[in-house]
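Q: Next come the chains, spelled out residue by residue.
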Amino acid sequence: MKTGIFICHCGHNIKHTVDVKKLSNFFKKYPGVTVSNDYPFVCSEPGQDMISESIEKQGLDRVIIASCTPSLHGELFKDLLKKSDLNPFLLRRVSIREHCSWVGDDIEINTEKARRLILAGLYSAAHYVPLEEKRVEVTKSALIIGGGVSGLSAADFLSKMGMQVYLVEKEAELGGHVKNLKNIWPARKDGKSIIDEMIEELAGRENVEIFASTTISGFEGFFGNYEVTLDTLEGEKKLTAGGVIIAIGFSPFDPRIKPELQYGKDKRIITTLEFEHNADTLQLPEKPRVAILHCVGSRDEQIGKPYCSRVCCINALRVGEAIKDKYKDSYVESFYMDVRAHPRGGEEYFEDTQEKGVLFTRANVAEINPSLTGIVIRGEDTLFGEIFEREFDLVVLSIGMSPPVDNKLTASLLKITLDKDKFFMEAHIKLRPFDTAVKGIFIAGSCSGPKDVEESINHGRASAVKLFGFLNLGYAYVDPFISYVDPKRCSGCRMCEQACVAKAIKYDEEKRVVHVEEAACMGCGLCNATCPSSAISLKGYIDCMIDDEISAFMEAI
Amino acid sequence: MLQDKAEKNPEIIGFACSYCTFKASEMAGSLRMKYPDGVKLVQVPCSSRVDPAFVIKAIFEGADGVFVAGCHPGDCHFIKGNYFTRRKIAALKEMFDAFSMNDKLRLFWVSAAEARRFVEKVTGMYNEIKERKNVRKEN
Ligand SMILES: Cc1cc2nc3c(=O)[nH]c(=O)nc-3n(C[C@H](O)[C@H](O)[C@H](O)COP(=O)(O)OP(=O)(O)OC[C@H]3O[C@@H](n4cnc5c(N)ncnc54)[C@H](O)[C@@H]3O)c2cc1C
Ligand code: SF4
Ligand code: SF4
Ligand code: SF4
Chain A
1 MKTGIFICHC GHNIKHTVDV KKLSNFFKKY PGVTVSNDYP FVCSEPGQDM ISESIEKQGL
61 DRVIIASCTP SLHGELFKDL LKKSDLNPFL LRRVSIREHC SWVGDDIEIN TEKARRLILA
121 GLYSAAHYVP LEEKRVEVTK SALIIGGGVS GLSAADFLSK MGMQVYLVEK EAELGGHVKN
181 LKNIWPARKD GKSIIDEMIE ELAGRENVEI FASTTISGFE GFFGNYEVTL DTLEGEKKLT
241 AGGVIIAIGF SPFDPRIKPE LQYGKDKRII TTLEFEHNAD TLQLPEKPRV AILHCVGSRD
301 EQIGKPYCSR VCCINALRVG EAIKDKYKDS YVESFYMDVR AHPRGGEEYF EDTQEKGVLF
361 TRANVAEINP SLTGIVIRGE DTLFGEIFER EFDLVVLSIG MSPPVDNKLT ASLLKITLDK
421 DKFFMEAHIK LRPFDTAVKG IFIAGSCSGP KDVEESINHG RASAVKLFGF LNLGYAYVDP
481 FISYVDPKRC SGCRMCEQAC VAKAIKYDEE KRVVHVEEAA CMGCGLCNAT CPSSAISLKG
541 YIDCMIDDEI SAFMEAI
Chain B
1 MLQDKAEKNP EIIGFACSYC TFKASEMAGS LRMKYPDGVK LVQVPCSSRV DPAFVIKAIF
61 EGADGVFVAG CHPGDCHFIK GNYFTRRKIA ALKEMFDAFS MNDKLRLFWV SAAEARRFVE
121 KVTGMYNEIK ERKNVRKEN
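The listed protein sequences derive, respectively, from chains A and B. Throughout the first sequence, residue numbering follows our numbering, covering 1 to 557 in sequence. Throughout the second sequence, residue numbering follows our numbering, covering 1 to 139 in sequence.
Since the hints were made in silico from the structure, they are not lab data. Cβ coordinates follow ideal geometry from the N, Cα and C atoms, glycine included. Possibly wrong hints are sitting among the right ones.
According to the in silico footprint, chain A covers these stretches of chain B (three or more CB under 8 Å from chain A) [said to hold, decoys possible]:
hint, segment
1, 13–27
2, 59–71
3, 78–86
4, 89–98
5, 106–114
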């Protein structure tokens with residue numbers, strides 16, 4: 001066996017707390033190791049060149065890259081092996097950054113841990129065999145769940161590029177929250193006009209099918225050919241989609257979760273959303289006294305919403321501005337923690353609102369007490385450290401964005417993950433912000449965390465571009481990590497058949513052994529762990545690989 | 001008091017599902033959270049891939065503790081793999097109990113988003129084993 005080991009410094013990220021030189025020297029002398037090098041940035045072009053040169057010149061048949069975690073640069077390093085005419089499944093990645101240099105501070109201890117991690121990779125890889133990825137045809141169609149601005153923008157791009165689009169909306173009408181917003185900031189447009197424009201674009205396209213008042217009731221299969229069941233007003237409907245974009249938006253925070261706000265108990269306490277809908281019909285005195293509370297349902301650890309909702313500060317400014325514009329002699333006071341006027345132009349807008357006469361008080365609001373003459377707010381001014389008590393005619397709660405109501409349902413149907421705040425989780429927050437962990441399933445808009453309209457439209461389009469790239473290829477490779485049976489060992493007990501959830505194992509009555517239907521196998525390895533005769537193995541994770549990994553960790557080799 | 005030198009650090013092997021716990025461990029790393037170096041992970045496609053034989057093998061080779069970690073019940077990427085894991089590990093635990101080794105095996109659910117929970121779980125297990133290990137040595 002000719003193994004090459006390449007140990008990455010990742011600049012200082014690894015080198016700082018792992019003695020990479022010591023490691024590469026140790027492995028230079030290790031039996032079966034032909035090359036052992038350390039290098040500043042293995043993923044850089046010269047880094048890649050060094051590896052392919054070693055493969056070609058030294059005739060390596062195993063490559064161990066000890067660097068960042070395997071889910072990063074996966075395709076890059078696989079392609080590198082392919083280009084060097086080596087089967088990409090003879091590569092072993094060892095994570096000495098996320099699982100070593102970043103989780104411990106002591107260089108001596110880390111170096112020893114990294115040594116054992118690499119050793120485990122080395123012993124496991126010794127059992128690797130070349131594997132072939134299977135090619136499957138991809139249906140050129142996309143399922144988009146949710147018809148808010150993010151879903152509409154994804155549908156627009158994909159259909160323009162010629163893909164068949166199925167747009168599924170739970171409500172009777174498209175448009176999500178935006179269709180009910182007036183005077184959207186910063187466009188200063190009516191939400192409905194933005195939505196109507198987007199729908200008009202789609203309406204004329206033959207390759208767009210819109211299902212309103214519809215939800216997803218079944219979801220199976222794999223990238224390229226997802227089998228989807230829809231629950232429509234006309235009954236059940238089935239379709240095949242190559243990929244999916246989830247754009248089911250957010251749900252407005254319900255202030256009833258915080259009873260101290262008295263919301264729902266007094267008509268004079270309303271949310272920004274209600275203000276938006278009823279601004280013209282509000283009954284206010286000539287010189288109204290209006291309080292606006294920022295961060296309602298945001299940045300609040302106690303109720304499990306530690307995140308900033310990104311739009312509520314701007315919404316609070318919009319309310320203040322609207323009142324000031326309509327009632328010149330009004331008294332408007334905004335109670336905030338910090339003003340985070342996120343988007344471009346937000347800071348200027350904040351200044352403008354102050355100039356219009358809206359007062360801003362940095363405060364902890366402690367109590368809200370409705371009385372006959374008004375609503376009394378008591379709290380602490382956190383800049384001056386003073387307790388205050390003031391009466392208002394109207395209190396507007398600037399509510400945040402909570403996860404969509406169908407988050408859990410959708411996540412379990414599509415087998416994807418929610419993040420700690422219960423929004424949909426991206427595969428990598430920086431490197432793959434549109435993907436989920438499942439190939440071909442993307443997220444768009446506010447269902448993956450609070451976003452304003454512009455961000456939601458961009459997110460939708462970006463996910464659509466990524467999905468388009470996958471679909472347009474027309475084919476995909478599926479991981480070859482599936483199970484196979486050694487008929488000589490199989491006793492025909494059929495325990496694996498009972499265990500397999502995918503029903504991928506078939507019994508041959510005549511030969512009295514089982515075999516695995518490759519197309520149906522999901523690659524979980526349950527059968528492998530179940531078979532009492534060790535007759536069935538999961539490629540890439542066979543028993544001896546894991547056994548040797550354990551031994552290497554424990555230095556029992 | 002125990003002498004620092006005499007203190008033995010446990011070795012723990014954890015089987016981590018690629019779709020949840022392994023992802024949580026990646027995130028823990030990215031967030032620079034710290035946990036003991038004695039914890040080492042074997043990546044498996046699903047917690048149901050873990051053959052009880054692996055657990056026994058790890059103990060035989062000298063591991064002080066083994067954990068199997070997968071997605072929360074109902075969240076398995078392979079639909080029901082973690083239910084099989086739960087049954088298998090429960091049976092194995094009974095056997096461990098019979099040999100008074102119940103503290104050596106744990107099963108926990110950690111989703112991909114729960115980096116902090118991952119660190120808390122592994123550190124908690126590590127510290128408990130370490131304490132018992134050193135008490136035993138003292139006696
Ligand atoms: C009070 C308030 C004021 C705002 N003002 C502004 C502003 O001035 N400027 C700005 O930029 N942003 C503003 N926003 C933010 C803006 O509303 C969001 O950015 C935008 O709505 C996000 O679009 P979306 O498509 O992600 O989600 P949504 O608008 O929530 O759309 C999601 C769609 O998915 C559908 N859906 C949900 N579940 C399912 C399911 N299971 N199956 C099928 N369909 C489903 C919903 O019915 C909905 O149509 C404001 C938000 C609030 C709360
Ligand atoms: S391969 Fe990974 S560890 Fe190495 S430089 Fe690139 S990112 Fe850093
Ligand atoms: S469990 Fe093993 S021995 Fe039994 S039928 Fe399946 S492959 Fe054959
Ligand atoms: S790996 Fe999983 S899906 Fe494939 S045959 Fe085995 S049990 Fe069934």
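Q: Checked against the structure, which of the hints given earlier come out wrong?
A: Going through the list in order, the structure violates hint 4 alone and respects the others.
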